[in-house]
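Residue numbers (the numbering used here), protein chains in the order written: chain A, 1 to 314; chain B, 1 to 314.
Hints may contain errors.
[Claimed, not checked] 25 Å max Cα-Cα, derived BS3-like pairs, lysine-lysine:
1. A:Lys154 - A:Lys34
2. B:Lys200 - A:Lys291
3. A:Lys77 - A:Lys91
4. B:Lys262 - A:Lys194
5. A:Lys200 - B:Lys77
6. A:Lys154 - A:Lys263
7. B:Lys271 - B:Lys34
8. A:Lys34 - B:Lys154
9. A:Lys34 - B:Lys200
10. B:Lys154 - B:Lys203
11. B:Lys154 - B:Lys262
12. A:Lys200 - A:Lys271
13. B:Lys291 - A:Lys200
14. B:Lys291 - B:Lys91
15. A:Lys291 - A:Lys110
16. B:Lys271 - A:Lys271
17. A:Lys154 - A:Lys271
18. A:Lys291 - A:Lys203
19. B:Lys271 - B:Lys77
20. B:Lys200 - B:Lys291
21. B:Lys291 - B:Lys263
[Claimed, not checked] Label pairs and their calculated CB-CB ranges:
22. B:Ser207 - A:Ser37: 33 to 41 Å
23. B:Lys91 - A:Phe33: 49 to 57 Å
24. B:Asp100 - A:Asn125: 47 to 55 Å
25. A:Ile35 - B:Lys145: 50 to 58 Å
26. B:Leu267 - A:Asn167: 48 to 56 Å
Bear in mind the hints are in silico, worked out from the structure with no lab data behind them.
The structure presented is a predicted model; accordingly, all values stated were derived computationally and were not measured.
Where is the CB? At the ideal position from N, CA and C, for every residue including glycine.
There are 2 protein chains.
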Amino acid sequence: MKSENLLELDIFHLRHMLTVFGTIALDTTRTPFKIESNILGGAATFASIASSMFTETSIVGIVGSDFPEEYRNILDKRIDTRGIITDDSEKTFHYDSSFDYDLAHRTTIKTELNVIRQFEPVIPNEYVESEYVYLANNDPCQNLKILKYFLNRKLVICDTIEYWILNSRDSVVEMMRSVDGVVINDDEARLLCKNTNLVKCAKIIISWGPRFVIVKKGENGSLLVTADLVFPASAYPLEEIVDPTGAGDSFAGGFIGHMARKKDFSLSTLKEAVIYGNVMGAFAVEDFGVKRLLSVTSEDIQTRYQEYRNLTQF
Amino acid sequence: MKSENLLELDIFHLRHMLTVFGTIALDTTRTPFKIESNILGGAATFASIASSMFTETSIVGIVGSDFPEEYRNILDKRIDTRGIITDDSEKTFHYDSSFDYDLAHRTTIKTELNVIRQFEPVIPNEYVESEYVYLANNDPCQNLKILKYFLNRKLVICDTIEYWILNSRDSVVEMMRSVDGVVINDDEARLLCKNTNLVKCAKIIISWGPRFVIVKKGENGSLLVTADLVFPASAYPLEEIVDPTGAGDSFAGGFIGHMARKKDFSLSTLKEAVIYGNVMGAFAVEDFGVKRLLSVTSEDIQTRYQEYRNLTQF
């Protein structure tokens with residue numbers, strides 16, 4: 001019995017459920033109430049920590065010589081980090097930004113690409129059987145290249161940001177053609193689709209190929225759109241927001257994490273996954289950086305999910 | 001049997017369920033796609049037409065010499081209009097505004113107060129037994145004065161606008177102390193409460209007296225807040241918005257109309273009423289002015305309510 005279990009474990013280690021590809025960063029985040037310098041951040045960090053609460057997660061990314069041992073340990077403890085390259089000749093990607101009084105508008109103070117500039121991602125052999133893949137806010141061409149390694153992919157979702165829409169719109173569209181689902185902010189959906197109506201934007205993206213689009217609206221929740229359905233979901237209502245950084249990536253991590261855990265693509269699972277995404281986003285903003293995500297338990301997630309259901313039912 | 005029914009009807013006519021007090025206007029509404037001049041508008045118009053789909057509604061307001069017979073007939077057909085004063089020496093309140101491309105931002109071109117300037121509202125005797133009262137966007141002092149006429153009031157809700165918050169904040173607070181519920185736009189809640197978090201804003205208003213606050217967020221739905229509950233509701237998702245004018249007042253009319261129809265103040269009725277409010281707001285924006293509201297049937301409302309429930313369930 002015991003040996004059988006061990007064998008299963010071994011197979012499991014070869015077959016990661018979910019791989020997340022994106023930035024690992026040192027963030028300096030300034031709110032009107034506090035400044036936190038060089039804290040652990042990055043799209044892949046938030047997404048993979050969130051998804052690790054649902055399923056075995058592996059990460060692909062790069063860090064520099066200044067990446068603290070402590071942060072590495074945080075990641076090592078929760079996710080498979082064999083896909084993280086350490087470039088000792090450069091510093092870690094650094095993003096410095098400040099929020100204004102209402103914590104709704106972020107201003108970039110400094111973006112130091114550092115290790116990201118020449119990054120050639122490597123997919124460890126152990127990852128290639130991942131069935132679930134989340135391509136965060138990287139260069140869409142790089143995302144497309146990476147995708148080819150995953151031969152057993154069942155569900156690939158991607159996000160994108162203003163920078164790529166403005167500078168490589170064709171590649172963004174090309175990337176979206178190749179994925180199953182798109183997770184995107186409201187403003188970026190409008191910019192990408194040149195339309196102000198979010199349902200219409202989602203349908204435009206769907207016309208390129210993906211089966212579904214999730215438009216993230218921050219404190220206003222999200223819209224899941226498929227060819228024949230719209231599922232609007234309010235955000236979990238919070239009275240205190242400390243740092244909005246990473247909310248969208250935590251949403252994506254919770255979403256794809258639940259999809260990978262449930263292993264089916266029914267509409268009800270998609271809807272559940274959106275709510276888990278909302279729940280993870282709501283946790284993320286309760287403290288600086290990943291601090292709150294690190295203290296969240298599976299029970300907390302389930303409690304908030306149930307609370308959300310009770311709140312919104314009528 | 002027949003005579004008993006007639007008697008009941010007679011009593012019913014003396015005892016109006018709901019009175020709406022607010023502006024009746026001629027609107028000129030400019031969108032990037034079309035301009036409609038001097039169409040029927042005003043907060044009380046939208047709210048009372050919406051509420052009349054749920055319960056017997058009476059209106060208090062004023063119009064001028066130029067108020068078209070056709071518009072008067074529209075109101076007469078649906079609501080008790082004995083509370084409308086016609087001032088033949090003046091013109092009807094006229095509001096001229098334009099929306100920009102995304103139909104989200106309105107710019108006032110001209111506000112001609114006309115009859116509104118010297119308006120002394122009169123409450124017909126037949127109205128004073130109204131148990132439900134909606135005080136739309138009028139001068140809060142006038143709203144307070146009017147309120148005293150309704151001796152059997154069971155549920156009074158009010159709205160307010162930026163103008164009164166900026167010019168008579170103390171009176172706005174005083175008015176809110178005297179009502180059971182407040183319906184208010186997100187931006188105006190923030191302005192009134194000097195706080196950016198909408199749940200906190202609602203709780204500040206509740207601390208003044210009302211039992212509940214509904215924050216309207218336009219295309220992002222609404223938040224119902226009581227002392228111990230938050231009920232976030234997404235908007236009914238629409239792909240085509242023609243004219244956002246009156247959405248908030250139609251929401252309020254649907255909300256209080258359903259409350260009056262159900263005659264109870266349970267949490268589940270409050271939540272249902274919020275959804276009916278959402279549904280009426282969504283109908284209102286599908287055409288210019290009140291056009292869509294006038295063609296809506298009870299069946300349409302029930303169908304959309306059910307659709308909304310199906311869409312949002314998970």
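The hints, checked one at a time:
1. Among the hinted pairs, Lys154 (chain A) with Lys34 (chain A) is inconsistent with the structure: their alpha-carbon atoms are about 42 Å apart, more than 25 Å.
2. Distance hint between Lys200 (chain B) and Lys291 (chain A) is fulfilled; the C-alpha atoms sit about 24 Å from each other, no more than 25 Å.
3. In summary, the hint linking Lys77 (chain A) to Lys91 (chain A) is supported, as the alpha carbons are separated by about 23 Å, within the 25 Å threshold.
4. Distance check on the hinted pair: Lys262 (chain B) and Lys194 (chain A) sit about 44 Å apart at the alpha-carbon level, beyond 25 Å; violated.
5. Using a Cα cut-off of 25 Å, the hinted pair Lys200 (chain A) and Lys77 (chain B) is violated, with the two alpha carbons roughly 37 Å apart.
6. With a CA separation close to 9 Å, the supplied pair Lys154 (chain A) and Lys263 (chain A) stays within the 25 Å bound.
7. For the given pair, Lys271 (chain B) sits about 36 Å from Lys34 (chain B) by alpha-carbon distance, which is inconsistent with the 25 Å threshold.
8. For a cut-off of 25 Å, the pair hint linking Lys34 (chain A) to Lys154 (chain B) is broken: about 47 Å separates their Cα positions.
9. Under the criterion of a C-alpha separation no larger than 25 Å, the hint pairing Lys34 (chain A) with Lys200 (chain B) is consistent with the structure, at around 21 Å.
10. Pair hint Lys154 (chain B) plus Lys203 (chain B) holds up; C-alpha atoms about 22 Å apart against a cutoff of 25 Å.
11. Proposed proximity of Lys154 (chain B) and Lys262 (chain B) is supported: the alpha carbons are some 13 Å apart, at most 25 Å.
12. With a C-alpha separation of about 19 Å, the suggested pairing of Lys200 (chain A) with Lys271 (chain A) holds against the 25 Å cut-off.
13. Restraint check for Lys291 (chain B) and Lys200 (chain A): the C-alpha separation of about 24 Å stays at or below 25 Å, so the hint holds.
14. Using a Cα cut-off of 25 Å, the hinted pair Lys291 (chain B) and Lys91 (chain B) holds, with the two alpha carbons roughly 23 Å apart.
15. Distance restraint check for Lys291 (chain A) and Lys110 (chain A): the Cα-Cα separation of roughly 22 Å lies within the 25 Å cut-off, and the hinted pair is therefore satisfied.
16. Distance hint between Lys271 (chain B) and Lys271 (chain A) is fulfilled; the C-alpha atoms sit about 21 Å from each other, no more than 25 Å.
17. Between Lys154 (chain A) and Lys271 (chain A) the alpha-carbon distance is near 18 Å, which keeps this suggested pair within the 25 Å criterion.
18. Among the hinted pairs, Lys291 (chain A) with Lys203 (chain A) is inconsistent with the structure: their alpha-carbon atoms are about 36 Å apart, more than 25 Å.
19. With a C-alpha separation of about 30 Å, the suggested pair Lys271 (chain B) and Lys77 (chain B) falls outside the 25 Å cut-off, and the hint is violated.
20. Taken as a hint, the Lys200 (chain B) and Lys291 (chain B) pair is broken in the structure, with Cα atoms around 36 Å apart against an allowance of 25 Å.
21. This hinted pair does not check out: Lys291 (chain B) and Lys263 (chain B) have alpha carbons roughly 29 Å apart, beyond 25 Å.
22. Look at Ser207 (chain B) against Ser37 (chain A): about 37 Å separates their beta carbons, and that is inside 33 to 41 Å.
23. The hinted window of 49 to 57 Å between Lys91 (chain B) and Phe33 (chain A) holds, with their beta carbons roughly 52 Å apart.
24. Taking the beta carbon of each, Asp100 (chain B) and Asn125 (chain A) are about 54 Å apart, inside 47 to 55 Å as hinted.
25. Against the hinted window of 50 to 58 Å, the Cβ-Cβ separation of Ile35 (chain A) and Lys145 (chain B) comes to about 51 Å, which satisfies the hint.
26. Leu267 (chain B) and Asn167 (chain A) have their C-beta atoms about 50 Å apart, which keeps the hinted 48 to 56 Å range intact.
Checked against the numbered hints listed earlier, the structure breaks hints 1, 4, 5, 7, 8, 18, 19, 20, 21; every other hint is satisfied.
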